[in-house]
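Colleague: Chains as they are written, first to last, in the UniProt record's numbering: chain A, 1 to 776; chain B, 1 to 827.
You may find that some hints are simply not true.
On the chain B side, residues computed to face chain A include the following (Cβ under 7 Å) [unchecked claim]:
id, residue
1, F351
2, T354
3, K515
4, R706
5, K710
6, A716
Far from chain A, by Cβ distances over 10 Å, these chain B residues were calculated [as the list claims (entries may be wrong)]:
id, residue
7, R161
8, V191
9, P306
10, D310
11, G352
Keep in mind the hints are simulated off the structure, nothing from the lab. Bear in mind that the values here come from a model prediction, so they are computed numbers and not experimental data. Even for Gly, the Cβ is constructed at its ideal location relative to N, Cα and C.
Here are the chains, one letter per residue:
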Amino acid sequence: MSSKGKLRQRNPQPEASTSNYEYDQVQEDEHHADIYTSPKSRSGIEKFFEGSQGSIIVVSALTALAFALRFYKISHPDQVVFDEVHFGKFAAYYITHQYYFDVHPPLAKMLFGLAGWFVGFDGSFLFENIGDSYITNNVPYVGMRALPAVLGSLTVPVVYAIMKESGFSTVIAAFSASLILFDNAHVAQSRLILLDAALIFFMSLTIYSYVKFRKYRYMEFTLEWWTWLLMTGFWMACTWASKVNGILTVFCVGVAVLFDLWDILDVRKEGHTMDYFYSHFLARAGGLILWPFIVYLSFFWIHFRVLTQSGPGDTFMSPAFQETLAGNELLMSSHDIYYYDILTFRHKDTKVFLHSHPDRYPLQYEDGRVSSQGQQVTGYGHNDTNNHWRIIPTKSLPETGRGRIVRNNDVVQLLHMPTNTLLLTHDVASPLMPTNQEFTTWARDDYTRHNDTLFKIQLAWDAPENEPFKSKSGYFKLIHVPTKVALWTHPKTLPDWAFKQQEINGNKNPSERSAIWYVEDIIADQYNDEPADRDEDQRPVKVPKSMNFFKKYIELQLLMFQHNAGLTASHPYASGPLNWPFMISGISFWTDNDTQKQIYLVGNIIGWWTCVVGLSVFVGIIAADLLARRRAMDPIPDSVRNRLWNNTGFFLIVWGVHYAPFFLMNRQLFIHHYLPSHLASALIAGSVLNFILSDTINYPISYATSKTRLRPSQYADTGFKGLATVLGYGLVLFMMFIYIAPLTYGTPGLTGEQVNSKRLLSTWTLHFAAKKTHDS
Amino acid sequence: MNRPPAVAIDFGTPDSPNSSSFEFEEVGYPDPYHQHQHQYDPESYGGRANEETLPLHYMSEEKARRRVRAGAAAGNGSDFDGGAAVSGNEKEQFEYQEYDDAGKDVYNKPKPYNGQRISSGRGPSHPLPPPTTITEFLLQNTEVIVPVVYTLLSCWTRFHRIGASNTVVWDEAHFGKFGSHYLKREFYFDVHPPLGKMLVGLAGLLSGYDGSFEFKSGEVYPDTVPYVAMRVMLATFGVLMVPLAWFTSVELGMSQWACHLTTLMVLLDVGWLCISRFILLDSMLLFFTFLTVFCLTRFHNEQFEPFSIDWWVWLFFTGISIGCVTSVKMIGLFVTALVGVYTVEDLWDKFGDTRLTVRQQFNHWAARVVCLIVVPVLVFMASFKIHFLILNHSGPGDSQMSSLFQANLEGNDFYKNPLDVAFGSRVTLKNMGWGGGLLHSHVQSYPVGSNQQQVTCYHYKDNNNEWNILPAWNDKQHDPEGPLRYLKDGDIIRLSHVPTGRNLHSHTVTAPVSKLNYEVSGYGNLTVGDNHDYWQVEIVDDTKRGSVGQVHSLTTRMRFKHVALGCYLRAANAVLPQWGFKQIEVSCDKENNRKDAHTYWNVESHWNDRLPAGDMKLYKSPFLRDFWHLNVAMMTSNNALIPDPDKEDILASKPFDWPFLHLGLRMCGWGDNQIKYYLMGTPVVWWGSTISLGVALLTFAVYILRWQRKYNDMDAREWDHFLYVGKIAFFGWAFHYVPFLIMGRVTYLHHYLPTLYFAVLMFGHVLDHFIFSSRRFSTRTKAIVFGVLVSILVATFWWFSGVAFGIDGPVNEHWGLKWRETWNIYN
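This is chain B alone, in the form it adopts within the complex:
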């Protein structure tokens, strides 16, 4: 893909040392536009010429020419020509008068003056003539050489001392462990989607790790774990962030200066550096986030030629990239939102373009739906499919899934459970709603309501999930030696909790969370109880046998109706507070809603010595069911990750702490002999980028107010482009930041790292707009500003590089790192 260095004419040696092949693309101004300005000037404007006011912003010549597509070159993408502009001009006058003062212009978008609506994208590029000198060759290929240099630098920063700490640092404890599960093929459960962790597993596989290490936090890696190789492989994603940043800023049409600055900021931020150097998901998340933005900007620049091969390729890659980023962490949905908003605006523009035929309109819509919705969903689902295919052994995450799914895992013996359930059986009961757990009780009692023993839904196996099926108190008591009595539809039973002997009980006390339902508790013991312990079994159906009258383990879906109150046992993913250990609330629902899967239960484990073992292995669990079940379970446990007010967590931080780097984060133990890593950012990058967001908003406000007063600061395409880059950066930032303010879960500093990218893009954009492509400054001034900025960046990076490369020895001996009072970098 050749980039804008367009028509090169000069075959000789450049006549001045600082000329470049960029100059060759400088084609004349689009004359029609200026013609129409000429026309205005003498006649209708005449006497007012004295009131001319300077525009707030000048584009430099270089910039203006590069961006503005020449009339001659426009034949490809638009039917823009001189005549149209003149007639547009007339129309414009007409429209001014038509403007009715009693109403408002209900168009939601300012109209460009010349009536043309062209995307801010770059025009088509032309093949370059062959270079004749080495200088020429180098100049023509700066596009390749610069990113290569940056990539090499990036390799050095990312790989330097990467194995220095031979202990399990920070969340390596989690993600290393999950990687091991893939190698051992054991089913585990985690709140994040699987792609990132599968890549960790792949890195382990490629480096020859056997999955045997437990990844206990702070432990020293044994010789069998090739942790350096694994870290290097994952850090490669981090390396690639830097060239992506370069290419993105080029695609965003920034000047060379601004491109360099943006790339340097990505290269030299210690936060991104630090997080990329360990066995964590963040480097992959960041890489895919960067990739998505890059694909989007690339696609934007193909807009001049819709449905061309390049156009399709970049649209498709945007979709793939969205799918990947979402499959690494759900935070990827935020960048998806950015692409979504961009697409909606784009389609809205297209919708208003009456030159497009209905068929073209439809094709545009269909292309977006396929590439940006269908493809990402397929990628996301594919990652889960692979996840299920790899993890086919029983493991620690079993109980999160449905009973049938578990029965199909190797090493699980549910399928050997006795088939028919009888009185006297010991069972565990699984809620059949999406993400449902096992009916559970423990000795702790409710601090509210009846103060009786808690009954919850729990997602891990332990013997507190076991219940005995016994007859009602007034019924014939269960005789272990007597004839077997199978459990049938309509039977009235008592469920006795095996470890504590309490009976499953409900009464007219409101449940702790679902206030309209009755509380369910454990009450009495093996001899004490009342008629509030009675539950009637209502069989819904049998997933494999259809409708039957008898309860079978695993496949029978049944409901438990409280005999005295007529309510139904229900568990609907409502999380109890800390006193209930964040387990799921179980309540008794007064409404008889037959369709409510949260009132469906099935027998999972089943023990009864007097019954023969069954064989249910044949019943497969369909993929879509498992996929949805796992996703609901992930959401539920993610929502349970709310900060515990009773527990002070010094690692957690609030979103307001991030933009100005109020806090850092100690990633490991802080002993004198340890190598210490401190997650923070390069202060100039964080502070500067945050300030630039405010500056950009202010600038926009000033321009739009002047626009309403009809000061013409930029021509329409310049303005469109200014807005386009600003929108990508601002909305990207806002989508990645605001949700954290609203959501209740615990947040950490590293949640800001994807957000930071957009702030940095905005920093580049603002610098570009005010300095590097402004005509107010000479090249010399620009060079000086550039030099100063780069040296500040490099110096700060050098000053703080220790926190990412690892601090040796007592931390207090490293002087001058505590720039803000609140950083707990020193002891």
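Looking at chain A on its own, in the form it has when it is part of the complex:
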């Protein structure tokens, strides 16, 4: 028993002996020389800046400068620039209450709508093309651009505050903030009606709140602790609700929380019980999952409340959704379909009518395959009596009344009116696709092929069994009963023998999403009369139906994911993630040929490369530390190592989580997707600068309680060299900013030679470059 008994017992727990065991004793004393154990022993410069006055002066100066740089000539250009085409338009839709569809969540766009509404924009201008004039169209665009400019400017003090809260000196915090402050990419992105400024602002607030929250970790479940937990959740939700990439912020907070919980689970620390762990777990689940989700949903709720009118987004949605929008065509003119009605069918994606004409398929195609030589069935873009089909039942019907309505999953035949033939498909290869079945028609009185003329009406979106089949809203698939193929068409046109009309064939994959059709119009009823009004609900004025918010939300969210994944078309300024940190390529936002002005999104190259250097140095330090500790060496003082791993390590997670996923994405990617990561790398760069300048940090920075063990305090001091470095570097950064500024502000115009000189990397594809003279 003895040997068995040993294995099953819990590992003995050493008593947490905080009192008789001095923390500092394990610390190698060689590090002591640099440590400032009293705030008074620091240099005069440090003392001044660490005081509240010094700090306020610095942060005010930075903020003022940020506003100045972002608002400078904000009215230029007075034309639609780059993606303002989209986001300006969406803002306009909020003002006119028209429903639209976009892959990004609504918060930032709603804010633009709100800003537009404030400055009196009526929503009539639709931002159709890049280069459209705002002046001639009377758009108060400056007010709308002011919103991102304000958010972008406020990002700078938030970055400063993150560094301060992390225990770095004012000077170091100013360094990180100036990397954002003087960055041309951040400035260019904040001066236009684009979503990124909001995204980055909310993301920086999330980081700030989380850092604050962590500092209260020994005061768990107090008011402050809860406040910052909920703040983190709130800003996180705002980040995600601004742009789809914001979900990465959610992930990175999630990663940090997992690390945190893993530590709390550790029984060696203070002997935490499982109850203690569960209460922490539940607090985080509530504050960082449930609460943000409610916030996120509430933005969608507002979104649906505002957008009540039919608009360009209607066609993306299911019929049930569309009927909730006022003035929607489906709502207005959708009718039940009765048997023997004459109908026209239209393909949802390509908008062609199901068409047939007396001409026949040629016996042999160009590639040598043979056809059935049956009557052609094609897709035709225009109205024509050859598009008329009568719907024939395969079951017995009552004489009159609602029993004659066509319903979901009914098996029917379709009679082509002009030629009096029935639609048919069979196992013959279609003209263009050997894998798909040919569609043709068959004489009505010849019953030999009766089975092949049977089709099942299958309403889309999993409609209930007895759902009536309606015109306009009744999206359906036509499934051939014997072979299970779906009526399908694709944009390829047939050769001359079919008058270049679109091919229609049977797709063997019945779940194909593009095999959806709808009834465009009811031409006549069974007596060839105009169809009388015969709707179920005899509404005089069509009132929008209501639909459960959650159903609406789920439908929209799924569509957003699908469309986001579908953005794979290539773009001349798209770039790969590997190029981003090095600022290899930018994006041309706007050009003006007459004055040779252009806006080219490109970062402050000195700042970006500093960030890359900072990142690599940090990874180097971490790796060296790991290797050294593996060899039982201890080169870094414990408190400094804690700061590097726990604080800067968190920034590294922020950077990595906002960056790495782009390597896996197949959609088109742009340099501005790196901006959140760039912000994180600016934080890392600050931390690394501090590490290089001195080993000192403010420690501890978390709020102590009675539970906390007493730890020796130390104070940061970067001294004069810190101030000198940051000032000098800031000046260089500012000069580089000014040098690139014409590309950022889009003014003044540049001559060819000037463009060439601004082209610091040969990979920047600037416009109006002078022809380079090849001297070979």
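Please build the complex by placing chain B on the supplied structure of chain A, with the hints as guidance.
Modeller: Chain B in isolation, oriented as in the chain A frame:
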């Protein structure tokens, strides 16, 4: 190599029928470890004894003893002794307090409790005393007899009815044909490395096949093709998978039950069986994959004695095996990744072992670099060297290679081309970038951009590659009778496409794929054109003559600069979509990058009746150049194998279809009179192994959470070993599976077959962990579970064996094979 049956003491008849020589190795528990537990118990733990919680896992005694190396025996490999353990214990207490709550333990690996870090490998084995009875002899040699029996069974399954189908089945059409090329020594091109196909060729050679058959899909083999002998030789690789699986699971330290189960699963899976029975590369790929894993586990078990002969041998064989598996198919890189990760972790452990001297550390690193990097690369290159040596005749794959390489193939007459190129010459132009093709144009036009005629790079010979060199429109027109005008550096020319008469043209329209470049198209005709048809010849150098001013065929490297736009003609392995027939895009690059070999071109074929034939045979093409060129070409055409959305391919499947066997694959025609083969797996094996992966992950999560709460479910070495086997199986599986999710190319069911092996190992590991080496169950229970599992396996195999042995007659008469709706096994 004697295996663990270690010290045998009993010379008499075993006293109970079920005792075996295994018992002899059962040495006592490592006392130091338990001593330290004893010490804890009364004092520091005292009052808490009531809170004792059962560990989730019990090892059976047998298992625990076999794995745990005894303190006495440890003298060989480690300096573990009682005293050290006690002091380690003190240190441990110390460390608990040192643990700072403001920070995290930045060690990335949980520390074992007793402070010892020993690999999970098996201890040294001892020579056995001579057997005295026959029973004893048999028991001592079960290690040999069992695998022999399995091998015989495996022979039967693999060879049974192997020649039943006398037609070319499935990809035999490819690989048989490639084998024939080796016999005829004609150069061909394929996306796979050559070793496997050379073995096919060897099998053909040994069985007396002359290489004359075309291997058309579905065709009946003529009498001259000894297809049965070839299949048998290749199936031998498949036979060997089974004993390898046995030895691997033994090396992984599984219990006897689990070893048998794992081996039976490998023996009885119809997927592995089916794919091994034809002239395909898969049996070799699988064999080498299995071999690599075996060598790795064998090497792991030599870890107790680094730098011994055995240690070197198995490390070296691991390297050889990696080289072989990669030379069969590039999929072998995945198992290489597994070995790589194992090695990195191993070295990281060694790096933290401060008892090792710097010299020992260095030796460890050097041994790995030599055996696991240098040796495999040499094997890989050697297979290409042999490939080039065998294939010294001109064949269908010529145009994939550089012009100089082609000129050296027998039967190719490039070297007879006229040496100096002149105006009026008809030429083909070869791109000199790695994997470059011939400048090509065809009547199809671009569906995007200018809609003019397409210009591409093409890797096969046809007359659409031919261009006439003509003077510019504003120059003196070419006179076929006039004085010869040689092509010189700086000449401005017009390239006229011979079959269509269009001129090579570029304009400020963006190219279809490389959006920053200009499009290159065919425009105008013999009389119509403009100044956008002008290209200036810039000679870079001459590979054989150095710098010259005149263009020579084959050796002159030159660039074509568009006169009007200043851009350079470039083809950089960017593949056009289906409308361009997946050929390589040609564009005009605005950047003047002199070093860019993708803008270099040379004249390949050259026809000019007025010039004398040259002789360039003497210029050899260096092996490394050819090797790299061929590899880039293989990569490029592999990347072009992306699914065509317009074409429905019922054979292809998605990675998500594999683990639960969503789809099978018809390997041949499905007519009533044909013998039909259906590639699928034995459902129990596939489903069970996939489920076991999930179970293993879950188990790991539970253990690690309990570990953080300091529940001591296993002792350190037991835990290390549990992780080691789990890591081999899980990472092996993930490395073989996840890449298929990411890569864009067409995937088929048989891509899962190497992956399946790791899932099966995990299945064995999970069963072993929960049932066969758990103390919760009696031997009787284990026997019952084992019996049930084996009968299910055998029964399912028997039920589905037809799909691998060949289904005769109408398939619909074979009842009950369609276990999932999605299997298209019936008509």
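Colleague: If a hint holds in the structure, say so; if it doesn't, say that too.
Modeller: So, going through the hints one by one against the coordinates:
no. : hint : in the structure
1   : F351 : holds, 5 Å
2   : T354 : holds, 5 Å
3   : K515 : holds, 4 Å
4   : R706 : violated, 10 Å
5   : K710 : holds, 4 Å
6   : A716 : violated, 11 Å
7   : R161 : holds, 33 Å
8   : V191 : holds, 23 Å
9   : P306 : holds, 19 Å
10  : D310 : holds, 28 Å
11  : G352 : violated, 4 Å
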